[in-house]
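**Q** Residue strings, one per chain:
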Amino acid sequence: DGGITQSPKYLFRKEGQNVTLSCEQNLNHDAMYWYRQDPGQGLRLIYYSQIVNDFQKGDIAEGYSVSREKKESFPLTVTSAQKNPTAFYLCASSLRGSLNTEAFFGQGTRLTVV
Amino acid sequence: AQSVTQLDSQVPVFEEAPVELRCNYSSSVSVYLFWYVQYPNQGLQLLLKYLSGSTLVKGINGFEAEFNKSQTSFHLRKPSVHISDTAEYFCAVKTLNFGNEKLTFGTGTRLTIIP
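Chains A and B are the protein sequences, given in the same order. Using the working numbering, you'd call the opening residue of the first sequence number 1331 and step up by one each time. Using the working numbering, you'd call the opening residue of the second sequence number -11 and step up by one each time.
For reference, chain B alone in the conformation it holds in the complex (with noise of 0.2 Å):
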């Protein structure tokens, strides 16, 4: 079984700062895996996913993420936000385990911008 950690449950940037946010997953297979944005009381909507290939990966909104496989991260990054990014922001994993091919999210990382 598949799962995700995301350690941060809230972080606090001032606008116009970077920010890093952490998403560590498990699975003994091979993954997809995915960032997430909610904006209050939204659905979710993809920033970005990884797939195969390149290990960095550039997203909507100005966001990237690298995945590393020797340390099972894909954390999240933006080299300056801005007041609307403060948002509620998902990590995901899904294996590629075809007949099995639900996501499984992170706890979730709230984002608030300071200005």
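Chain A with its partners taken away, still in its complex shape (with noise of 0.2 Å):
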């Protein structure tokens, strides 16, 4: 079946330590998309990309990196920058132009922070 892999579901970080989550898709989905999840805060853009080796920052971009080497890869790495890194965190992806008309999501990734 086709659809959206974010591994790991949970995950535990020490204060100071990169991490990078993973996102894999096999839709063929050009555009791939991570938004990060807090309480009463809806989703917030952190980065997308639209097509293989290329990137755009979202509303929240400080403290993330991401890459895409691969149309069906997109992880994202947060860094010891990012101030207040524990949230949950999704993936999504979706076709591109006239396209894309709806994005598909992951079922998260919760980081915390300790």
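No wet-lab data here; the hints were simulated from the structure. Owing to the predicted nature of the structure, the values given are computational and were not obtained by experimental measurement. Don't be surprised by glycine CBs; every beta carbon is placed ideally from N, CA and C. Among the hints, erroneous ones may be present.
As the list claims (entries may be wrong) - Restraint ranges, calculated between C-beta atoms of paired labels, are given here:
no., chain 1, residue 1, chain 2, residue 2, range
1, B, Glu4, A, Ser1352, 39 to 45 Å
2, B, Glu8, A, Thr1407, 37 to 43 Å
3, A, Gly1393, B, Glu4, 44 to 50 Å
4, A, Asn1356, B, Ala5, 38 to 44 Å
5, A, Thr1350, B, Ser68, 27 to 33 Å
6, A, Glu1392, B, Leu(-5), 27 to 33 Å
7, A, Pro1338, B, Asp(-4), 32 to 38 Å
Unchecked claim - Covered stretches of chain A, as calculated for chain B (at least 3 residues, CB under 8 Å):
no., segment
8, 1360 to 1373
9, 1378 to 1390
10, 1435 to 1443
Build the complex from these two chains, which are given one at a time in their own frames, with help from the hints.
**A** Right, dumping it as structure tokens:
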């Protein structure tokens, strides 16, 4: 079955450590997105990529980095520069252009920094 | 830039009663509109979407929404709710500005069904 896989589901890290969240899709989508979700704040866009080897900052990119070396994969690194990294992270993908009529979401990764 | 407002952060409703979750948006260009549902510790699932055509859109689980361009609204409705509808609901907008294809979400409405 086609879909988006995020791993791991739960992640614990010590303060000051970098951590990488995985996102893989087999939907043949060009566009991929990372969102952060905090209670009462909805989903906020961190980074998005519309094509391989290209990506753009979203609304809250500080303290995060991404890469898009393959169409299927869009990993997110939460760096030590991110001041409040504990959150629920969601990855999504979609077609591009006039075919971009719906985004599909993974099941999320809950990151807790202790 | 586009924005989405969901005025109600929490909505409690008795089982089998009707419900309306409100969504207003702001954009200087034409938009696509969406409602997503999220169950605890899960990703988002699409309920319904408005792209063009009829302003009344029907989705899964008996939900429907009406696009009102003059009021820039896209309210979600269900005539009779069930316990299983307890979840968080997000309204989202995407502009038809190709090259800027990101979704902008509202802050969500938590729907609680009271038995």
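**Q** Measuring from beta carbon to beta carbon, are Glu8 of chain B and Thr1407 of chain A in 37 to 43 Å?
**A** Because 41 Å falls inside the window, the suggested range holds.
**Q** Take a look at whether the Cβ-Cβ distance between Thr1350 of chain A and Ser68 of chain B falls inside 27 to 33 Å.
**A** violated (45 Å)
**Q** If I claimed the Cβ atoms of Gly1393 of chain A and Glu4 of chain B lie 44 to 50 Å apart, would that claim hold in this structure?
**A** Cβ of Gly1393 of chain A to Cβ of Glu4 of chain B: about 46 Å, so the range 44 to 50 Å holds.
**Q** Just to be sure I understand the hint, the distance between the Cβ atoms of Glu4 of chain B and Ser1352 of chain A should be within 39 to 45 Å; is that true here?
**A** Hint holds: Cβ distance 42 Å, inside 39 to 45 Å.
**Q** Per the coverage rule (Cβ-Cβ under 8 Å, at least three residues), is the segment 1378 to 1390 of chain A covered by chain B?
**A** holds (count 3)
**Q** Lying within 38 to 44 Å: is that true of the beta-carbon distance Asn1356 of chain A to Ala5 of chain B?
**A** holds (41 Å)
**Q** In terms of beta carbon proximity below 8 Å, does the segment 1360 to 1373 of chain A have 3 or more residues touching chain B?
**A** Satisfied; 7 residues make the cut.
**Q** How does the segment 1435 to 1443 of chain A fare against chain B when you require at least three residues with a CB closer than 8 Å, holds or violated?
**A** With 5 residues close enough to chain B, the hint holds.
**Q** For Pro1338 of chain A and Asp(-4) of chain B, compare the CB-CB distance with the range 32 to 38 Å and indicate the outcome.
**A** This hint holds: roughly 34 Å between Cβ atoms.
**Q** Do the Cβ positions of Glu1392 of chain A and Leu(-5) of chain B conform to the proposed distance bound of 27 to 33 Å?
**A** Given range 27 to 33 Å: holds, Cβ gap about 29 Å.
The structure does not agree with numbered hint 5 stated previously, though it agrees with all others.
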